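Undergrad: Chains as they are written, first to last, in numbering that gives the first Met the number 0: chain F, 0 to 327; chain Z, 0 to 131.
It should be emphasised that the hints constitute simulated quantities derived from the structure, not laboratory data. Some hints could be false.
[Unchecked claim] Below, simulated EDC-like cross-link-like pairs (lysine to aspartate or glutamate); rule was C-alpha separation at most 16 angstroms, straight line:
1. Lys161(F) / Glu4(Z)
2. Lys48(F) / Asp80(Z)
3. Lys167(F) / Glu79(F)
4. Lys161(F) / Asp117(Z)
5. Lys207(F) / Glu79(F)
For clarity, every value in this text was computed on a predicted model and none was experimentally measured.
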Amino acid sequence: MPAFQHRHASHCESGVMAALVTHAGLPMSEPMAFGLASALAFAFIPIIKVGGQPLVAFRIIPRAIIRRLHSLLGLSLQAETFRVPARGAARLDALLGEGCLVGMQTSAFWLPYFPEDLRFHFNVHNVIAYGRDGEDYLLSDPVFEAPVRCPGPDLTRARFAKGLMAPKGLLYRIREAPREPRWAELLPKVIRRNCRSMLAPVPFAGAKGIRYLSRAVDRLDTGGDGAAARLFLGHLVRMQEEIGTGGAGFRFIYAAFLQEAAALAQRPALLSLADELVAIGDQWRELALASAMMIRGRQPLEPQRIAALLRIQADREETFFRTLRASV
Amino acid sequence: MNDAEVPQEGNATLGGGHKAVYARGGDGQVRLVTSAGWQVEEIVTRQALDTLAAQAEAARSRVLQGLSAPLEYHMYRSRMDLALLSQTTGIWRWRVRRHLRPAVFARLSARVLQRYADALGVTVDALREVAP
């Protein structure tokens with residue numbers, strides 16, 4: 000097997016899966032891994048709190064990219080979790096000893112190579128282990144430019160962090176080279192699946208979810224010093240831009256996927272749709288910028304303006320996914 | 000976003016690292032571009048960190064006044080809140096809240112203290128104190 004190549008990626012889970020599938024013998028870009036998993040999503044679920052703020056998600060639930068690629072490509076994926084940390088550490092050593100490339104779920108908070116300012120309790124950060132050098136594990140963390148090193152005890156701690164979506168030491172690897180899928184059949188299928196989730200007939204998901212969020216933003220209390228409203232807007236932008244690449248970022252990844260799909264499935268209609276999606280992503284960035292200016296007090300705090308932008312996004316994405324569905 | 004518009008103004012919270020983002024090149028292809036960071040992300044990360052730091056500081060002064068247990072300070076210092084500490088330790092939230100009372104905290108068993116210490120990544124001795 001050829002030596003493993005670290006690749007910088009925009010999002011950890013799609014980056015890890017693209018690298019593992021590529022290494023197993025089927026060259027795959029990060030956008031392709033993301034698109035095949037129909038990973039673009041939106042959800043606003045106020046009753047679930049993250050750090051005291053309502054859950055806002057711009058991508059499908061963590062681990063779903065791994066799961067969906069597994070079933071879609073028939074990957075011979077082996078996944079293991081452990082109850083005892085020592086066993087999980089020993090198993091990782093054994094797999095690395097066999098020369099395997101191992102995907103792992105970790106908590107970003109306990110990874111010492113993370114910049115101090117980005118160490119939040121985020122339990123679903125995916126990285127690849129590709130070797131060991133004395134006490135240090137050699138890791139390929141797709142959101143870092145170069146491979147990194149992590150001491151064993153810290154890695155074990157990160158792999159066995161507790162709480163929401165605890166990793167339980169999850170290890171996964173691909174045992175055999177996947178077969179080249181029939182792109183012309185597969186791609187329309189995964190695109191339709193993504194359209195379905197963005198146009199879902201429930202109030203908290205997809206385009207409707209964005210509208211639901213806009214109503215919540217509209218109602219933000221700006222009384223007093225407006226601290227609560229600022230925190231909410233800041234949380235929204237963090238979920239959008241920072242946590243695993245974010246809303247605009249995910250739209251750009253999906254646009255790259257549509258371009259690749261246009262070539263592989265010979266559907267040139269997807270190219271103009273990719274351009275529209277880039278434009279939608281740009282609007283998300285405008286929204287983040289406007290929110291940040293309000294948080295910093297460089298612009299007056301007017302959540303209604305953000306809410307209006309969100310409504311435009313909801314309409315635009317609804318139209319986009321209807322057109323996309325009709326085109327495949 | 001075209002590749003010329005990829006933010007390169009820097010983001011101190013990235014610690015000198017770069018992010019990979021997707022942007023459209025001159026040929027219309029969307030591809031990976033390295034970004035030195037975006038001011039918007041720095042603003043919101045800083046806001047979240049400042050909020051946690053302010054909570055830790057408020058807890059510290061409550062501890063020094065004898066109104067709260069050091070556990071509250073260490074909880075915020077480890078960037079957690081009540082819900083997260085409860086999930087991480089597996090101790091019910093109402094019990095954690097009770098353990099934040101100085102009198103209750105002082106009587107906690109070594110085992111419970113160890114559970115908190117493990118979850119917060121500090122030693123039991125450190126857990127009993129706040130930084131001066």
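Undergrad: Look at each hint and say if it fits the structure.
TA: Okay, the hints, checked on the actual structure:
no. : hint                  : in the structure
1   : Lys161(F) / Glu4(Z)   : violated, 40 angstroms
2   : Lys48(F) / Asp80(Z)   : holds, 11 angstroms
3   : Lys167(F) / Glu79(F)  : holds, 9 angstroms
4   : Lys161(F) / Asp117(Z) : holds, 11 angstroms
5   : Lys207(F) / Glu79(F)  : violated, 37 angstroms
Of the hints listed earlier, those the structure fails to meet are numbers 1, 5, in rising order.
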